[in-house]
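Quick note on the numbering used here: the sequence shown kicks off at 133 and runs consecutively.
Since the hints were made in silico from the structure, they are not lab data. Any given hint might turn out to be false.
Said to hold, decoys possible - Below, in silico cross-link-like pairs of lysine to aspartate or glutamate (DMTMM-like), each with a Cα-Cα straight-line distance of 25 Å or less:
id : residue 1 : residue 2
1  : K203      : D169
2  : K149      : D169
3  : K149      : E193
4  : K181      : D169
5  : K181      : D155
6  : K203      : D158
7  : K149      : D195
8  : K203      : E193
9  : K149      : D182
10 : K181      : E170
11 : K149      : E170
12 : K203      : E170
13 : K149      : E177
14 : K149      : D196
15 : K203      : D155
Stated by the list, open to error - Label-pair restraints from in silico Cβ distances:
id : residue 1 : residue 2 : range
16 : I183      : D155      : 16 to 24 Å
17 : N239      : D155      : 56 to 64 Å
18 : E177      : I201      : 20 to 28 Å
From the three backbone atoms N, C-alpha and C, an ideal C-beta is built for every residue, glycine too.
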Amino acid sequence: MATIFVIQNQHGHYLGKQQQWLDGRDRRLLFRTVHSDEVANVIFEQSSKDIHLRAQALACELDDNNQPIVKPGPPILSDTPSLFDDETATTEQNDSATPASSDIAPNEDDILGA
Numbered sequence: 133m134a135t136i137f138v139i140q141n142q143h144g145h146y147l148g149k150q151q152q153w154l155d156g157r158d159r160r161l162l163f164r165t166v167h168s169d170e171v172a173n174v175i176f177e178q179s180s181k182d183i184h185l186r187a188q189a190l191a192c193e194l195d196d197n198n199q200p201i202v203k204p205g206p207p208i209l210s211d212t213p214s215l216f217d218d219e220t221a222t223t224e225q226n227d228s229a230t231p232a233s234s235d236i237a238p239n240e241d242d243i244l245g246a
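Between the sequences and the hints, there should be enough to build the whole structure, so can you do that?
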């Protein structure tokens, strides 16, 4: 079996082919290379974009389908709010912005008795 390199960050996630962090469950999407200098360059580039990144190159064997044999990492937690979070926040804002009926000032017709 051949040996390749993949990149893993401090959270146990793997770098994908599209330069995004993946949990490693779908091994077809993982960045991989046979060249140790290329993996070092990619780690340097990723570290330049994110100063908090602590990435390492992992040497992996390939399975029968030429996919890297890696242990899946923890699920990726999304930093972007979901559509439901946005809908809930909008509803809460609308509820707090709508005054109660007792808070509404009477109009001129109510005062004059018309």
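Verification of the supplied hints:
no., hint, verdict
1, K203 <-> D169, "23 Å, holds"
2, K149 <-> D169, "17 Å, holds"
3, K149 <-> E193, "18 Å, holds"
4, K181 <-> D169, "19 Å, holds"
5, K181 <-> D155, "20 Å, holds"
6, K203 <-> D158, "11 Å, holds"
7, K149 <-> D195, "18 Å, holds"
8, K203 <-> E193, "12 Å, holds"
9, K149 <-> D182, "18 Å, holds"
10, K181 <-> E170, "17 Å, holds"
11, K149 <-> E170, "14 Å, holds"
12, K203 <-> E170, "22 Å, holds"
13, K149 <-> E177, "14 Å, holds"
14, K149 <-> D196, "20 Å, holds"
15, K203 <-> D155, "9 Å, holds"
16, I183 <-> D155: 16 to 24 Å, "23 Å, holds"
17, N239 <-> D155: 56 to 64 Å, "59 Å, holds"
18, E177 <-> I201: 20 to 28 Å, "25 Å, holds"
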